[in-house]
Amino acid sequence: MTTRKRRAERVPPSASWTITTPATAPGAVAIVQLTGDIEAAMRDWGWCIVPVGGIALRDLFGIDRGLVVRWTTETLQLMPHGGPRILRKLAQALLEAGIPESPHPAPRALYPETTTEIEARMLATLARAASPLAIDLLLAQPRRWAQPGAASDPARDRILNRLIDPPLIAALGGANIGKSTLANALAGRAVSVVADEPGTTRDHVGITLDLAGLVVRYIDTPGVRETDDSIEREAQAASLAAAAGADLILLCGDHTAPPPELPPALRSIPALRLALRADLGRPAFAHDAALGGLHAGSLGIDALADLIRERLVPCEVLAAPDPWTFWQAQPPSVLLRIADR
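Residue numbers (our numbering): 430 to 770.
In case anyone wonders, no lab produced these hints; they're calculated from the structure.
Don't be surprised by glycine CBs; every beta carbon is placed ideally from N, CA and C.
One or more hints might be untrue.
[Said to hold, decoys possible] Pairwise CB distance ranges, derived in the manner of DEER restraints: (1) P689 / A749: 29 to 37 Å; (2) C744 / A575: 19 to 27 Å; (3) G729 / Q521: 43 to 51 Å; (4) R711 / Q576: 51 to 59 Å; (5) E542 / D565: 18 to 26 Å; (6) A469 / T544: 56 to 64 Å; (7) P743 / E690: 23 to 31 Å.
[Unchecked claim] Only pairs whose alpha carbons sit at most 20 Å apart, straight line, appear in this in silico SDA-like list of lysine to any residue: (8) K518 / V458; (9) K518 / D488; (10) K518 / L486; (11) K518 / L496; (12) K518 / W474; (13) K518 / R487; (14) K518 / Q506; (15) K518 / R494; (16) K518 / F490; (17) K518 / G491; (18) K518 / E503; (19) K518 / M471; (20) K518 / A457; (21) K518 / S445; (22) K518 / R572; (23) K518 / E530; (24) K518 / I460; (25) K518 / T449; (26) K518 / V497; (27) K518 / I492; (28) K518 / D493; (29) K518 / P529; (30) K518 / D582.
Produce the complete structure using the sequences and hints provided.
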């Protein structure tokens, strides 16, 4: 029987852990918080007991050395280096030691220094909010919820939750009209292959973009066209399936080809009609925005980013002084978030 298996028999099942810092991006220091019968766990690990309010340097299961901070009788924080690989190994070691993950612990347990439940929830959400636009809005929530009769609007909540969990955008259009160039311009770097040959993009390309302070997941799909290439047909089908979960579809065309007609399953999803490569010719179809210099109303990339952000999270919604029920969306298990890192 291994040492870790022997430990698993003795650690009280009431002990649990969660990672409170972002688990999928490298950082200088991470925080793994344990709650429950902390002293029994420390004794089982062979540690000298860290008193409440104490800080110590400890070997963390032979994986790393880090600070250990005891906040309360039932709250202990491990602070290893913040690389995803270290966090994954530490998470596995804790599980093997008989301490289960608690993906959604009570916020006050995570932030014992806070004075209200709303403040604790705000700090927990700040730690994982994807969009810069969320920061000031989240910081204002404890004050807004403290007002007499405070209540939120569920429809507004759903929109603002896009600041925490990035919404999905899918770009659909014909082959060789500039969709990949658009994705590269929005990203500010090369993320898609650009060529004059139709069918160059043979699979959808997924990227994360910051569009005017709103972080989104963006799918650049292969061009929609008739083809005998079975691989390309499969890629197009997969892209349409991915677009079915989109929050916004960019229907792209240019002066040579209008945007495609959406299949019935996608017609309920909000869409923007974009005329790409307007500097090469005037589009003959109705559109919400044109990209390029020839068209009199053409937009630049920054203006397009503003337009997309406005469709997903309007300024009117951002500016409203009402409270926001921001804590409803829960993050997935940390093991799922870092499994492929």
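Hint check:
no., hint, in the structure
1, P689 / A749: 29 to 37 Å, "36 Å, holds"
2, C744 / A575: 19 to 27 Å, "25 Å, holds"
3, G729 / Q521: 43 to 51 Å, "48 Å, holds"
4, R711 / Q576: 51 to 59 Å, "52 Å, holds"
5, E542 / D565: 18 to 26 Å, "21 Å, holds"
6, A469 / T544: 56 to 64 Å, "29 Å, violated"
7, P743 / E690: 23 to 31 Å, "27 Å, holds"
8, K518 / V458, "15 Å, holds"
9, K518 / D488, "14 Å, holds"
10, K518 / L486, "19 Å, holds"
11, K518 / L496, "17 Å, holds"
12, K518 / W474, "16 Å, holds"
13, K518 / R487, "16 Å, holds"
14, K518 / Q506, "16 Å, holds"
15, K518 / R494, "13 Å, holds"
16, K518 / F490, "9 Å, holds"
17, K518 / G491, "10 Å, holds"
18, K518 / E503, "24 Å, violated"
19, K518 / M471, "19 Å, holds"
20, K518 / A457, "17 Å, holds"
21, K518 / S445, "16 Å, holds"
22, K518 / R572, "39 Å, violated"
23, K518 / E530, "13 Å, holds"
24, K518 / I460, "14 Å, holds"
25, K518 / T449, "16 Å, holds"
26, K518 / V497, "17 Å, holds"
27, K518 / I492, "7 Å, holds"
28, K518 / D493, "10 Å, holds"
29, K518 / P529, "14 Å, holds"
30, K518 / D582, "42 Å, violated"
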